[in-house]
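A.B. asks: Could you put together the complete structure from these sequences and hints?
Sequence order for the protein chains is D and Z.
Sequential numbering from 26 applies to the first sequence in my numbering.
Sequential numbering from 901 applies to the second sequence in my numbering.
These are calculated hints, taken from the structure and not from any lab test.
Think of the CB as a built atom: it goes at the ideal place given N, C-alpha and C, for glycine as much as any other residue.
Okay, the calculated beta carbon distance ranges per label pair:
| no. | chain 1 | residue 1 | chain 2 | residue 2 | range |
| --- | --- | --- | --- | --- | --- |
| 1 | D | A135 | Z | P988 | 25 to 33 Å |
| 2 | Z | E1101 | D | S264 | 35 to 43 Å |
| 3 | Z | P938 | D | E93 | 37 to 45 Å |
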Amino acid sequence: MSKCDLTILLDRENRQYSGGDKITGLLRVHVNAACACKALTITLGWRTHGKGNRDVGPPEERILFQGEWLPGKTYEYDFEFDVPHGPVTYHGKVLHLDWYLNARADIPWAIDPKAEEEILLLPGQSAWVATLPDLSALPVVTREIMKSNMGGKPLGCVIVFVAPFLLVGLGLLISGISGLIGGVMAGEGGEVRWLEPAIMAFFGLIFSAVPALVLFKVAGNRIAANRLGPVEVEVEPRSLRPGEVVTCRVRFQPTAAVDVNGVKAELVAAEVAISGSGTNQTTHRHELARDVANMSGARNFPPGKVVELEHTFSIPADATPSFHAQNNNIRWALTLTIEIPRWPNWQTTEAFVVHR
Amino acid sequence: MARSTLSLPYAHLNLRRNPFGERTPDERARLAIVDVGPWVARLTGPRGTVQFVGESGRGKTTRLLALRRSLPEATLIRIHPEDPPDLPNTGILLLDEAQYLSPSRRRALFAGPAALALGTHVDFTRELPSTGRDVETVQLRGLSADHLAAMVKARIEDARRGPGPVPRVGPVAIQALLARYGDDVRAMENRLYDAIQEMEEPVHVEV
Chain D
26 MSKCDLTILL DRENRQYSGG DKITGLLRVH VNAACACKAL TITLGWRTHG
76 KGNRDVGPPE ERILFQGEWL PGKTYEYDFE FDVPHGPVTY HGKVLHLDWY
126 LNARADIPWA IDPKAEEEIL LLPGQSAWVA TLPDLSALPV VTREIMKSNM
176 GGKPLGCVIV FVAPFLLVGL GLLISGISGL IGGVMAGEGG EVRWLEPAIM
226 AFFGLIFSAV PALVLFKVAG NRIAANRLGP VEVEVEPRSL RPGEVVTCRV
276 RFQPTAAVDV NGVKAELVAA EVAISGSGTN QTTHRHELAR DVANMSGARN
326 FPPGKVVELE HTFSIPADAT PSFHAQNNNI RWALTLTIEI PRWPNWQTTE
376 AFVVHR
Chain Z
901 MARSTLSLPY AHLNLRRNPF GERTPDERAR LAIVDVGPWV ARLTGPRGTV
951 QFVGESGRGK TTRLLALRRS LPEATLIRIH PEDPPDLPNT GILLLDEAQY
1001 LSPSRRRALF AGPAALALGT HVDFTRELPS TGRDVETVQL RGLSADHLAA
1051 MVKARIEDAR RGPGPVPRVG PVAIQALLAR YGDDVRAMEN RLYDAIQEME
1101 EPVHVEV
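C.D. replies: Right, dumping it as structure tokens:
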């Protein structure tokens, strides 16, 4: 039996609070054995649960008591917290966010008695805005955003990495093909030697094709920009409420006549949760909303003429607000793709924030 | 299924959270169904060595976390291939992902005085005895229905909200999980997480 038992009693039976409210309640301590309490504390804070590693918000703490407790007695301590405006309670699929009151009695030389109760934090009158993450501080989110933002890839690093493979591959390919041709010519009067050069050409093809594909993928926007000219994309506003609209504008001036199959804008909201770390890291996604718009069909854009396209998306009135933490995110983003036949597509993804 | 935010999480299942979600290291250690006693005895002896060998999701990290819970003085270090840490060469070292140690670092570590518990994909049976260590190798292969049932029950009970029924994973579901996923506990957790997510009331979990 522990030295004491803690019970948290809330003022509201339904446990529902909104930003700006006050949470009041009692922390009841029933003492089983005489003990000294170094600190009786209660904290209010959020944490995530679900498929991702746990993220925890900074808790607010109250120290309710320090001193001696007598056996058989029951003590009650009032507490009060101002309810923050967010992040609000969220129960999704791979991501859940809840608020908790946690009480703890710090008893020297004994297991600390604890108690925990959940509260539900609902949207209040004032807005709570999830700031877009500091990319340098949040490597996971950086990867999420960079993964689909071709313009941001470190091309120089990729070239340095793939160039040796590409050169070796091309060397093998040329040697193999030369060997095959030479073998056939030499074999006109006798035995044809084709196996070794064929193997060399095969590996040359593999060694040169894979780095070429990587380069093609990573440098896609740069290659596409050779035809499209510099492409400017604007997403406005970057912070909005459910029911409002977000506009995507794209502007480019082709340097030469260019055919496109279409210009597409795609709005996606998703829960993204990261579990594990390092080589054991797994990304779990659950899509919350998707809307696709064709900003242009197939057409030819003449050189030198400025092309300006625009599309406005409505954010649903019941849209889930954005949330960004180390391992768990509710991410809203617009992906714009310019599809060029027989040429790399130009593509970028721009994140924005939806708040209550 | 996304449920209304007006209800407490998983209250409809008499749970506080999805029992098969990602756990903190402390929770993993607390809920581990393993008897660490013999390994603790080995590691508290001079240059005691134990290695847990197996694929991902077989329980190497869980065993190391359970050992740390029993050996608070031990140092738990996860080895990252791109960022190898500085390793102390005394005390009790619990090294996760030990296969990422370079051969030279392994030689220095194995020759040193530290007691070692290794979580590894690669069996170091050939290397370790040559450094004078008496090694216990635990091959993490295979999973019995009883052990899996105990693990699943412990997870659900830990997430219990109050008295009354909670979701149950019966013998048929346990056999189905073993048939589909073999001994890959992580894959089973993912399947069970999704199954719990779809449940409307605390009945038998279907997989």
